[in-house]
Each structure stands twice: as structure tokens, then as C-alpha cells.
Amino acid sequence: MRLKSLMLGAVATAALAPAAFAERASDGEVRIIYWQAPSILNPFLSGGTKDVESASMIIEPLARYNSAGELVPWLVEDVPTVNNGGVSEDLKSITWKITPGLKWSDGSDFTSEDVKFTYEYCTHPEGGCAQLTKFGGVTSVETPDPLTVIVNFEEATPNPYGPFVGGESPILQKAQFENCMGAAASTCTEENFNPIGTGPFVVTEFKPNDVITMKANENYRDPAKPAFATVTFKGGGDAAAAGTAVMETGEFDYAWNLQLAPDVISEMEAGGKGVPVAGFGPLMERIMLNNTNPDPNLGPDERSVVRPHPFLGDPAVYKAMSMAIDRPLLVEVGYGQAGKPTCSWVPAPEAFAYSDVPGCDVQDIEGAKKMLDDAGIVDTDGDGIREKDGVPLSIVYQTSTNAVRQDFQALIKEWWSEIGIESELRNVDSSVFFGGDPGSPDTFQKFYADVEMYANTFNGTDPQAYLGNGLCDKAPRPETQWQGENISRFCDEEYDALHLELTQTADMAERQRIGRELSKMAFERGMMIPLVHRGRLSAHANSLGGVDLNVWDSELWNVADWYRIDE
Amino acid sequence: MTDSPQDDLIAIGALTDTVPQSPPTSRARDIWDQFRKHKGAMLGLGFLVFITLAVVIGPWLWTVDPQKLDIRNKDMRPIYTAIWDSSAKTSWAKPLGSDQLGRDNLAQMIAGGRVSLAVGWAAMLLSLFIGTSIGVLAGYFKRVDGLLMRTTDLFLALPILPLLLLAVTLFRQPLREFAGSPEGGMFILIVTIIAITSWMPTARIVRGDILAIKEREFVLAARSIGTTNGKIIRRHLLPNVLSPIMVSAALGLATAIITESALSFLGVGFPSDYPTWGKMLADAVVRMERFPERVMLPGIAISLTVLSVNYLGDGLRDALDPRTRGR
Amino acid sequence: MLTYAVRRLILSIPTLLFISFVIFMLLQLAPGDPMAQVPLTVPPEVKQKMREALGLGQPPLVQYWKWLVQVFWIEPQVLIDHIFGTAFSAGDLRVISWQTRSPVMDIIIQRIPQTLWVVGVAYVVAILIALPIGVYSAYRQYSVFDQAGTFVSMVGFSIPPFFTGPLLIVIFSVQLGWFPSIYDTTHVVNDWASFKIQLQQMIMPVMVLALQITAQLSRYMRASMLDNLRQDYVRTARAKGLSEAVVVNVHVLRNSMIPVVTVIALGIPAIFGGAIITENVFKVNGIGQLLLTALFANDLPMVMTLTFIFAVLIVLFNLVADILYGVLDPRIRYD
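Protein chains in written order, with this note's numbering: chain H, 774 to 1340; chain R, 11 to 337; chain G, 892 to 1226.
These are calculated hints, taken from the structure and not from any lab test. Note that the Cβ used here is the ideal one computed from N, Cα and C, for glycine as well. Be a bit skeptical, because a hint or two may be false.
[As the list claims (entries may be wrong)] Sample of chain H residues at the chain R side, in silico, Cβ under 10 Å:
id : residue
1  : Asp1011
2  : Ala1012
3  : Gly1016
4  : Thr1017
5  : Glu1021
6  : Gly1023
7  : Ala1034
8  : Val1037
9  : Val1106
10 : Asp1147
11 : Gly1149
12 : Thr1174
13 : Ala1176
14 : Glu1187
15 : Glu1191
16 : Glu1195
[What the hints assert, rightly or not] Quick list of the computed label-pair ranges, beta carbon to beta carbon:
id : chain 1 : residue 1 : chain 2 : residue 2 : range
17 : G       : Ile1094   : R       : Phe139    : 23 to 29 Å
18 : G       : Arg1031   : R       : Asn239    : 28 to 34 Å
19 : G       : Ile974    : H       : Asp1246   : 57 to 63 Å
20 : G       : Ser1034   : R       : Ala231    : 42 to 48 Å
All chains, full assembly: derive it from the sequences and hints.
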């Protein structure tokens, strides 16, 4: 709401005083603070959000998502589709038409060769490119003329907008990075720190993990933009300090991703120098249910590998566990305006979300108790903990170490104990938990616990690959060195069949229907208990206009349109 | 200052009378008398005893579970806020207020103090034990002197805080399994690390003193009647190096408490659901303006404890030093 | 004296090698993964490829040897190249940070000015405050000034910077708005106005740090003065009829400075080490902050190199302190 009214205000100001920002570099300096400091400006060598977003001011993709999640042409004339002939009928190739006259910041022409080079750069076998998945399934990139790029896929790809789309897949300049292929990537410090781009700004100085100073790109395609002459992009510190600097002391104009408790945010807002803005992408905090048996007495080849779980497979159990959770309270405690209760695995884009789940946003302890009683899962030995077939409902509940997650754990443990389920809490340092070391027993992939809580998301707006994380053969197990995305080891033939159907469907409405159905299955058949749909909360100074928080792409996607509101 | 009137007194006394004017007093008595004169040290001792008792006995007197969530009574202010702000949310049930999840601040302060003090005492004792052992061995046995002192130099050359951070971030996980619980693992880790990185000054001082004392006649006498090395060390040497040990003990306790809080503040200390003073302070910093007490209480608790220990050390140094005693 | 210094210098080489080995093995033993900060949307196979690109797959001893060669052979060459414009190091692989994929040394050199500005200035300020306080406290032992001085230094000792730091920010940045809460590392001092801005942004971190250092130094100064004031030569000087000012400021002070100077020398490595907590609180992105972020990101080459540099400085300044002691105090003979 607030965002919308602000945007309207911005439009109004724009209409009234067009002269205020009609000229490039007329608005002085804009100061941005990211509490995680960027360490490199080449997003292909680091997957970190901080690096991708800071680089997005300098280097750009062919097309990107706007704040509504729609694909918009960026360096191309329009977005290719089957209808306009840009995507072939068999869905195996896509043709991009580059906008004529585009220039790199060094004045040279932007051509299809650069695009092709970017593909070669990232797919080089020794490069260790972090965005390799963007180019998954690509067999070749052709350049029939300097303004045409054809991307060929191995098989029919209903969503061909992976390569060169979004902030993670920007175009690098061939002339600059030619000698940085593969193993040489690490020796190209100068190139990685000062990439030549087509974006609104160019780097003047990059101090890794500290600060980036930029100035307006003289060769930017729109002669009236950007409004700011220089950018100071500070990194480091913590979210609280960043929020204070924008909303209370007014030292900075924009602060990214303020993961702070809601009462802290509203206190800062009272400072009056800036406002928080929230946007919701597909990020969702959930409790994963282990579909295999994590009994420590099992050997390493069986623990969290053999099915089934002694009691978590029973719908009465996991449904009761879900009913006992007060999602609105979790939101209030942990995220405030940056969270919403949800029961959908894919909470956004809205068309894909399984919404209107009955009982999702109310706690129903009595109903949960009744459900367990009806299923015959009762407390037989009087210790306050129910048993199913003689096995007490006693679970190990693990998550990564993080203040909000520990609060959630404490609250949920209490609610579960009210319905007769005992839980033991564990928290693991996040670098280990998400570290993926096959030798460690504490990774989230190993899942040596009954339930575990974390958040996950996907890039772009198409959840096909993400929904593929529920496929039977993606379960982590010893044969795969414990790698695999199906963390809960969910395995359901109907699910697999339906997902296969999704991969073969091109019609958007049908894809959305299947997506909703898959999310519903994940919830109702015991893959996970969704908790909170988490948003991105950033803040900008009152005097900074043009901010349009985008959760589908880099937050700084429209930095060229930012301007100073005269007060 | 230099020519104290007592020197004159003794000089005159020697001329007139050889009978002591007051009955002889024991050494411990002398030390205590001198110590008592040091007001800061007395206050420090008093506060340390008070805070130790508070955190040890506290949980029996104030039986609220520090981890108990009470969402309805969250963000309570301490009872004393009612004095100037009658509209503040206060209650005798939560004398120091509650945090954003309704956990009781007083119970958390007690639990946090327990951890902070336990870490301080354990690390100090361990570091004293290592330091004294190495110091005594190096000073008494010439053969191992070189080796031990080079080791000490080596440890002195290790950058302490970085190394500590390193060890904590890197070994938290394995130790947690070893100790069976995250708190246990962290406790062992922090205590060991602080001790391992802080015993060197004690070792050096003790070695120096032992080197001087072992040449004295009474040690020679003990040796001549066939006293074993172990006994000489225990009966004759250790009591004589007690004073530098006590002083380093006080300093060690203070630094250990500060170090633990610093680690917690940087987010690499005890697990996030486990209260210590440093952690409470770190968590409360973002709400400092609205709830200053949540920062001030643990902050003042840390500072006062360390301050009292420092004063205690200062008083001990004065009292144990025979040159200053009796002035 | 010279032979002593040379012998100590030679002895310190195996010590340092040993230290570097210990640190390296510590890092190797540790769990943790430089890819942990990469988002979950990047699949494991890609992360594995990235790890290989960082050279993680090699056996530890090979990695250690590579690091040794890079630090002791290639980096000095780079330095020579930089100074004389030669090209010894062309094509050699330097110590590369995993986070930034750039030479570790370059980043360290970039960070040193920030750290020196803040921590170094705090050190100088602390010395300037501590010495007079220590001298006067000792001269007027047990006076009100001495008691107050003792109390202030005890307080400085006891209040941790992570308490004073946020407190100062809330008071001076948020409430009063006098000083910025975030240190601007890009600020260039070129005239009086910009110098004033630099002063403004430095004042809070410097105050916090100086309080601590002052507390320690003034205690040393006081103790050392007290020792000397009781010496016979002081009585002699007074008996000669020298003025109090000369006795205290020339005779006593000079002798009392000997241990204090060595203490000051011993503290210098800590300046370069940065102040991890203070830098963190005030967002002075110096060496301390660099180490902290590198630790959290499991950037082992950076952590390794930084801790090793600290160790070198500590060993070096220990030696300097010992030699200073010998130079200043003619009674001490090392040979």
C-alpha cells in the first residue's frame, strides 16, 4: 500500500517538475548501503546476492523482470515469444534482437558477439561459474548478425528465459574478458573489479568488501539518465546500522534487505528521514518433514535414507502439527510487514500460489488434538507425549543459528508440546548447515533430524525447476554424496507424473494450474509445513524518488530512474 | 614520600626500646589489615561476593525460567520506570521487565551472569594452573627452562583475538558433538581458548620469582635435609609466589569475562537461545532507544563486575607487597 | 647488542614458520565451506565446480607449500616490481582471496590507511593523555587526583567497547546528530573543511579506543614513576637543591619512561591488527573488519595471510621492545 502511494506520489512529482531530473547527472550523489559488502563485481564468479545486485548497476542482461514479475525487454527490442515468432514452434530456440546503437561504457558497440562470449565464459569447464544453471540445456548460441542472438536448446523448453535474463545473467564485454576464461578468471582482478557495462553507472573505484564509488555512464542509452552523477555504495556492518543510517540519521539514501524485528523497523521509521518498502518474492520459511527414518541407531547408509519415518508419514500427525502453529503470531514476532502467513510451497507469483487454504492463518490446538485422538494416536503411558504404535511422538527439530529462527523454534516447540508432541531443539551454524560438506552430519541435506526449518526460493518467475525439488530421484543419499534438492525425501508417483506434465506444457494458465496442484500436494501429502511467506524489506530516504522495489530481479534494477526529490 | 616518618620512628625506637610495642601479628593478618585500608578493593570484594551469590542463589529465589516465552507480557519496562512514567507497562511480576518475546529480564540476567561468571572463573583457574605449572617447572628445573620459555614466547607471538575468533568459528561444531550439547561444547571451547591464550604472563612472572627464591637459604636448608623436589615446590616455593599469582588471577578473571562477552557480541559465542550478558547486550542494541535498560543492565553488570575485580586485584597487589604494607 | 639482535632475528624465522604451519593446520582441520554463503538456488554440482576452481581439492601440504611460496617468494617480487617497475612476478599466481578473487595483499594495503587513521590516532591520543596522568598521579599518590585517575582508568579498563560504542552512536549520531554513525572510507582529506569532516567521523571510534589504551598506559606510567620516586638518586637530586620540576621531569621521568616505552612498542602490532570490535561497531572497514568478514566467509587464504602478518608484527615488535630496553637502560646487557 505504502509503496503504491509513494509511487503515485513520485509520478505526480515527475509530472509537476520534469525539469528536476531531465538532465543526466544533475542530482549529485546517491548513497546506498548494503550491510553485506560486495566482494566482486563479476556475478559469474560469486553467487552472492550482494555481488549480483551491486554489479547490476553496471552490467545488464538482455531482458529482466520488473517489480510486478513481468519480463521486460532491456537491451533488446522486445521479449521474444512464440506469438511474435521470437521463440520457435518446437520451443527449442529463442531469437533475441538487440536494440541498435547500444554502446558499452567505453564507447564501443554492443554486439551479439559479446552475448555469445558471455555464454562461453560461463560454461567454460574450469571457470567455476556460479550461474551455470542459467545456461542449463543450451547447446549453442548463434550470432547470424551483430544484432541477433539465437540460443538453441537441447530439448523443448517452455520457459526459454534462462540465459541472459535477470540480474544473475548479465552480458560481459568480450574485449575486456577475452583473456579471463576458465582458470584465468582469478587473475583478472582488474576486470572483475571494473567491468565495462551498458548500465547507468561505471566504477570509479572498487574497494572489495568495503565501498564502491561510481559515476554516471556517459554512453548510457537514455541521454537524460541517470539523474545522479555519482554513487557511493557502502558495504558492511549490520542491518540495524544500515536502517539507522537511512531512516534515523539520514546519512544514506537506500538500505538493502533490513532483516530486523518488526518493532525495530517501526522504531526506525519514527526517525522520519526515510521509509521502509516491502516486496514479496517466492521466499518462504518452512518446516521440512523427514520422509525417511533418521534414527541414530541406523547405519550411515540407512539413516535418513530408508523409508518410512516411524510416525511423520501419518497425515494425522503432520496435519495436527500444522494446525497447532499460529502463523500470524510467527509473522508478528519475526517479520512484521515483511512477512505473511502462507500454506503454499510456491507463494508467489500469485498465479502459481496455492492460496485460500482453510485454517492456514488460525491456530487450532483443539482441532489438532482431536485429529490425533481420532487417528488413535494417544498418550498411552501418561507422560504427556502421545504414542503411535508404541513409538512416542518425540522429534528432533533443527535449523540454522539465527535469532528469528530460534524464536520460532521456541514458540513452535511450545505449541507442539500442547498437542502432545515433544521436540528437542538443535541449531547449527549456518555455514555448516548450508555448507553441503558430505562429511558433516549437520548439513540440511543429510537431515539427521525429524524436522528442519529453513527458507528457500527460486530465481525468476517460473517455478518449474523449483517444483522439481520434490521429485523422488532428487533425494540426497549416499550414492549422490548427499547432494540433491529433495530435502524431505518426499516420494510420490502422482507428484512425479504431474511434474512431468508441467515440463511439457507451454500454455501459461495450464502451467499455473499444475503449479498450484503441486504446491497443494507438497502441503497435504507431508513434504513440508509452510510457515511464512517472507518479503524483502528495504528502506529509502524520503528525498529519494523512483525507487520501485523489485524482488524478481536486482533491487537496483531501475537505478537509472532514481532521482532526488527537492524538498 | 621517600623519607617516610616511620623510618625515623624505627631509628629512634632502636635507640630507646627493644621490646615490641604491639603484640606480633601473623602475616595473613597483616595482609588483611592492609587490604582493608584499600576502600576500592573492599568495595570490589563486596560487589564480587554479592554478584556471585546473586547468580548462584538467584535461581532459587527467582524461580522464573529465563527461556519461558510469554508473548502477552512482552516488552515490559522495569518496575522503576513507573516512578517517572506512570503509563509505562510495568509489573511486579517482571521487576526488570521482559524482552520482545516476553522472556523475563531478571531471570535472564541471573542465568546470563551465571554463564559469564562461570566462564570467567573456569578460564582464570585453568590459565593460572597452566601458567603456574609452566612457570614453576621452568624456574625450578634448568633442563626444561629453555624449551618451556621458547614455548611461552611462541604463544605470546600468536595473535590472540583473531585466533580466538578463528577457533570459535571453526571448532564450534565438532566440540558441540563431543560435549553433547551446544552450550557444553561452547563452554569448553571458550574456557579452553581463553586459558590457552592468557597463561603466558603468569608463567613468566612465576618463573622469575622462582628463579630468585630457589637460591635462598631456606630452600637450600630444605634440600639439605633431603626434602624431595615435589615437596620443596609445594611447601616452600609455591607459598612464596602466591602474591603474583593472586594478582594475575584477578586480572585473568576480568579479561576472561570481557572476552566472553566480546565473542557473544560478535555473534560467535554461545548459541543464540542461550543468555549471557554479552549476548543480551548485543541483542538489545537495536532497541536501545526504546528500551535502554536492556542494554544498560547487562552492560553495567559486565562493567561493574570487571571493575570490582580490577579494584580487588589492585588492593591485593598493595596488600601482598611487603614494601607497601605497613605504610 | 648487534649480535643479540641478529641472533634473535634468525631465531624468529623458525618460530614464524612454525606459527604459520600451526595456523594453516588449524584452518585445514576446521569444517566450514567457502560456498556456504552462495544462495541455495545455486545447485550443488555448480558449487562443487566453484570449489575446484578455488583449488580446494588439493592435499593440505601442497596447499601449504603453495602458500609459502606465494608469500615468501612471489609477494616480495611483486613489491619489488611495484617499486622499481620491473617484471619479476609477471605471470606468477599470488595469494588470491576466495571471496574477491583478487590478491590478498592488495586488499590489505587498501585497508591499512583506514586502520592507521583510526587506531593509530587513538594510540597517539592515548599516549598523550596517559603519560601526564600517570606522572601526576604518581607524584601526588593517594591524592584526590590520583584516586580519580585510578578510578577513570579502571572504568576505561572495565567498560567494553561494544558497550560504549553503541551508546555513543545513539547519543551523538541519532539524538544529537553531531557525528556520522557510519565511517566514510572514501573521504579524502585535502583542505581544512574536509579535515574537519574527517575529524568528525573519527572522533567516536578514537574516543572509544583511546579510553581503553589510556587506562592501561597510565597505570604503567604511574607504577613506573612510583618505583623511581622511591629511589635514592631522587633523594640525592633533591639534596643537591635541584628544583622539583627538574627532579621529576628530568631525572625521574626519563628513568620511568624505559619500561613504558617498551610497553608502547609492544602495543604497536595491535594497531595494525585493527580493533575488531570498534571497527565493527563504527563500520570503519579496516583490517579488523576484513579479518572478521573473511572468517565468516571461510576465506582461508585471507585469514591465513592476515593472522600470519599479525604474528610477524608481534614477533618483530617483541624484539624491538627488548632491544629498546637494552638501548635505553645501560644496566641491561644482552651479550
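Each hint, compared with the structure:
With a least beta-carbon distance of about 9 Å to chain R, the hint placing Asp1011 (chain H) at the interface is held under the 10 Å criterion. Because the smallest distance between the Cβ of Ala1012 (chain H) and any Cβ of chain R comes to about 8 Å, under 10 Å, the interface hint for this residue holds. Given the 10 Å rule on beta carbons, the hint for Gly1016 (chain H) holds: about 8 Å separates it from the nearest Cβ of chain R. Because the smallest distance between the Cβ of Thr1017 (chain H) and any Cβ of chain R comes to about 9 Å, under 10 Å, the interface hint for this residue holds.
At its closest, the beta carbon of Glu1021 (chain H) sits 9 Å from a beta carbon of chain R; the interface hint therefore holds under the 10 Å criterion. Because the smallest distance between the Cβ of Gly1023 (chain H) and any Cβ of chain R comes to about 16 Å, over 10 Å, the interface hint for this residue is violated. Annotation: Ala1034 (chain H) was flagged as interfacial toward chain R, and the flag holds, the nearest CB pair being 6 Å apart, inside 10 Å. For Val1037 (chain H), the shortest C-beta to C-beta distance to chain R is roughly 5 Å, which falls under 10 Å, so the interface hint holds.
Hint on Val1106 (chain H) holds. Least Cβ distance to chain R is approximately 7 Å, under the 10 Å limit. Interface hint status for Asp1147 (chain H): violated, as the beta-carbon distance to the closest one in chain R is roughly 29 Å, over 10 Å. The beta carbon of Gly1149 (chain H) is not positioned within 10 Å of any beta carbon in chain R (closest approach about 31 Å), and the interface hint is therefore violated. Checking Thr1174 (chain H) against chain R: minimum C-beta separation of about 6 Å stays under 10 Å; hint holds.
Interface restraint check: Ala1176 (chain H) against chain R, minimum CB-CB distance 5 Å, threshold 10 Å, status holds. For the restraint placing Glu1187 (chain H) at the interface with chain R, the shortest Cβ-Cβ distance is roughly 6 Å, inside the 10 Å limit, so the hint holds. Because the closest C-beta pair between Glu1191 (chain H) and chain R is about 13 Å apart, greater than 10 Å, the hint is violated. The closest approach between the C-beta of Glu1195 (chain H) and any C-beta of chain R is roughly 16 Å, which is over the 10 Å cut-off, so the hint fails.
In this structure, Ile1094 (chain G) and Phe139 (chain R) break the distance hint of 23 to 29 Å, their C-beta atoms being roughly 43 Å apart. Remark: the range hint 28 to 34 Å for Arg1031 (chain G) to Asn239 (chain R) is contradicted by a beta-carbon distance near 48 Å. Ile974 (chain G) and Asp1246 (chain H) have their C-beta atoms about 59 Å apart, which keeps the hinted 57 to 63 Å range intact. One distance hint, 42 to 48 Å for the beta-carbon pair Ser1034 (chain G) and Ala231 (chain R), holds here, with the actual separation near 45 Å.
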